[in-house]
Amino acid sequence: MVSYEEEDAEFLTSYIKLAARMASFIKNKKGEGLYTVKIKGKGKGFYWSLSDKCFIWVDKGSDFYWVGSVKKDEKGRYCLFTPHTFGLGILIMVPEDEVQWIGLN
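For what it's worth, our numbering labels the leading residue of the sequence shown as 27, then goes sequentially.
Among the hints, a few may not be true.
Pair ranges (Cβ atoms, derived) [claimed, not checked]:
1) E36 <-> V96: 30 to 40 angstroms
2) P121 <-> D78: 12 to 22 angstroms
3) K64 <-> E36: 29 to 39 angstroms
4) K68 <-> G129: 17 to 27 angstroms
5) W127 <-> S75: 14 to 24 angstroms
Below, simulated SDA-like cross-link-like pairs (lysine to any residue); rule was C-alpha separation at most 20 angstroms, straight line [to be verified]:
6) K98 <-> I116
7) K86 <-> W74
8) K79 <-> K101
9) K64 <-> D89
10) K101 <-> G129
11) K98 <-> T62
Calculated from the structure, these hints are not laboratory results. Positions of the beta carbon are idealized from the N, C-alpha and C atoms, including for glycine.
Make the full structure from the sequences, and use the hints.
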């Protein structure tokens, strides 16, 4: 039988590993933090998802990170990333005039 202390230690270890993995998603290959951005406006909007290859419904109030290693597309859209739980995240293309630059966190 597993004791509560062992369960707590296992949970804490798993939590720390997940947190470290999530933190790695908001850094570039050099280990530098990505620029934090917001999408201007309120509510939701449809944006092109690079991973899904279709438009997806996105909450504009979410925190996003600018992926500078992905060049602007032919329509002048920037690539933004937002991490989600379980190691999943989304890459979306957002028009330049809708991006509000926050800076490094």
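Checked hints:
1. E36 <-> V96: 30 to 40 angstroms: holds, 38 angstroms
2. P121 <-> D78: 12 to 22 angstroms: holds, 18 angstroms
3. K64 <-> E36: 29 to 39 angstroms: holds, 37 angstroms
4. K68 <-> G129: 17 to 27 angstroms: Holds - the Cβ-Cβ distance for K68 and G129, about 21 angstroms, lies within 17 to 27 angstroms.
5. W127 <-> S75: 14 to 24 angstroms: Distance hint for W127, S75 holds at roughly 22 angstroms.
6. K98 <-> I116: Holds: K98 and I116 sit about 17 angstroms apart, inside 20 angstroms.
7. K86 <-> W74: holds, 14 angstroms
8. K79 <-> K101: Within the cut-off at roughly 16 angstroms; holds.
9. K64 <-> D89: holds, 6 angstroms
10. K101 <-> G129: violated, 24 angstroms
11. K98 <-> T62: holds, 17 angstroms
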